[in-house]
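Residues per chain are reported as follows:
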Amino acid sequence: MKLNRILLVVLIASISQVATASEIYKGKIISEKMWADNGGKVKLINTKFRSEHKHGYIFVDAFIESQKAAVNAATSVAGNSQTDVMVQNTSDKEQSYFVRQTVCAELDDHNMHCLHRYIDLELEPSGYFSDNALPDMSVIHNTPGVYKINVESGVLNFNHSNSTFANAEGYVVVS
Amino acid sequence: MKMKFILSLVAAAVISSPVMALQVTKGKVISHKEWSTSGVSASYLQPKSSASVTAHGATYISASVRPVQAAVGENATITNDSYLYIRNESNKTHSYYVGANVCIWHDINNQECVYSRDVVEVEPGGAIMNVNRPSLTVAFQQAGEYDTFAETYFNDNGVEKASYSQSHGKLTVN
Numbered sequence: 029m030k031l032n033r034i035l036l037v038v039l040i041a042s043i044s045q046v047a048t049a050s051e052i053y054k055g056k057i058i059s060e061k062m063w064a065d066n067g068g069k070v071k072l073i074n075t076k077f078r079s080e081h082k083h084g085y086i087f088v089d090a091f092i093e094s095q096k097a098a099v100n101a102a103t104s105v106a107g108n109s110q111t112d113v114m115v116q117n118t119s120d121k122e123q124s125y126f127v128r129q130t131v132c133a134e135l136d137d138h139n140m141h142c143l144h145r146y147i148d149l150e151l152e153p154s155g156y157f158s159d160n161a162l163p164d165m166s167v168i169h170n171t172p173g174v175y176k177i178n179v180e181s182g183v184l185n186f187n188h189s190n191s192t193f194a195n196a197e198g199y200v201v202v203s
Numbered sequence: 037m038k039m040k041f042i043l044s045l046v047a048a049a050v051i052s053s054p055v056m057a058l059q060v061t062k063g064k065v066i067s068h069k070e071w072s073t074s075g076v077s078a079s080y081l082q083p084k085s086s087a088s089v090t091a092h093g094a095t096y097i098s099a100s101v102r103p104v105q106a107a108v109g110e111n112a113t114i115t116n117d118s119y120l121y122i123r124n125e126s127n128k129t130h131s132y133y134v135g136a137n138v139c140i141w142h143d144i145n146n147q148e149c150v151y152s153r154d155v156v157e158v159e160p161g162g163a164i165m166n167v168n169r170p171s172l173t174v175a176f177q178q179a180g181e182y183d184t185f186a187e188t189y190f191n192d193n194g195v196e197k198a199s200y201s202q203s204h205g206k207l208t209v210n
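Taken in sequence, the protein lines are chains A and B.
Numbering (the numbering used here) for the first sequence: 29 to 203.
Numbering (the numbering used here) for the second sequence: 37 to 210.
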């Protein structure tokens with residue numbers, strides 16, 4: 029299969045009980061789900077908080093570091109990435125929010141493979157939520173080349189239609 | 037001077053008409069500023085995309101810097117393929133600080149950067165789109181790996197929302 033020739037995506041084998049660096053105050057997680065484009069299982073890893081908590085509004089950031097890799101050597105995409113998502117309900121009513129994270133690696137000129145994480149949550153007035161975990165993806169390329177990788181995090185507020193996304197794009201240089 | 041020994045910076049010379057890809061609907065640019073360190077000229081390459089400001093529904097930013105290779109003494113261009121779209125979904129007029137930059141470290145203590153920053157006032161329902169590509173051209177006299185990074189960001193002074201994106205790469209000089 030052509031895809032297999034170009035790239036092998038290694039998905040970490042189990043959804044383990046990872047203690048994610050999430051914090052929620054005056055609110056609750058309604059649901060959380062993770063999945064891979066190819067149906068594989070997904071594991072979360074914590075990234076370092078890069079920014080100060082700026083309560084009072086929605087703040088999202090994304091960071092990625094390009095990497096060099098040898099042919100057939102595994103590279104962690106999320107391991108060289110960071111993200112912060114912070115949202116506070118500054119209204120006087122309960123609000124529903126939707127946090128979305130995506131980690132992707134380029135397979136070839138026309139195909140990306142992605143892992144996704146969605147969190148549905150509700151916050152009471154003055155409640156807040158913060159999180160810095162990302163779905164982990166290790167990739168092995170067996171053909172030299174420059175392959176795009178990216179990390180995207182975002183928050184949507186359904187009641188106000190307010191949304192903010194940050195995307196950081198990097199590359200794996202395989203030689 | 038040590039800096040001259042390590043690095044010679046080449047002002048980007050070929051940009052005859054800088055492309056300012058900032059589009060604003062229902063709003064206005066309050067201020068625009070471009071600057072660079074050490075007298076490096078800022079250049080803004082032609083945006084890759086000609087997407088319309090109405091093509092997106094969500095506030096979205098992206099920064100991207102590609103790894104670059106060059107020979108000793110050869111010019112290398114480092115570019116932030118920056119994208120920014122902000123939509124004012126509130127019922128008040130907001131002022132947004134919008135920026136993009138690209139930088140290279142030429143040693144552990146010193147970096148060279150090209151910056152752009154705008155302050156834009158947007159009415160409710162209005163939007164900003166910026167497909168800015170700040171770019172820096174350098175030539176190193178010493179082989180090695182030099183860290184590069186690109187940043188794209190916006191904030192509204194803590195009123196409602198802010199976002200920040202950073203991409204790190206390398207310039208490899210052989």
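There's no promise every hint is true.
Here are the computed distance ranges between Cβ atoms for each label pair [unchecked claim]: (1) B/111 / A/148: 48 to 58 Å; (2) A/119 / B/181: 22 to 32 Å; (3) B/155 / A/63: 32 to 42 Å; (4) B/107 / A/96: 10 to 20 Å; (5) B/68 / A/69: 45 to 55 Å.
Worth flagging that the hints you see were computed from the coordinates, not collected in a lab.
None of these values were measured; they are calculated from a predicted model.
In this text, a Cβ means the ideal position worked out from N, Cα and C, and glycines have one as well.
Hint check:
no.	hint	result
1	B/111 / A/148: 48 to 58 Å	holds (50 Å)
2	A/119 / B/181: 22 to 32 Å	violated (48 Å)
3	B/155 / A/63: 32 to 42 Å	holds (41 Å)
4	B/107 / A/96: 10 to 20 Å	holds (18 Å)
5	B/68 / A/69: 45 to 55 Å	holds (48 Å)
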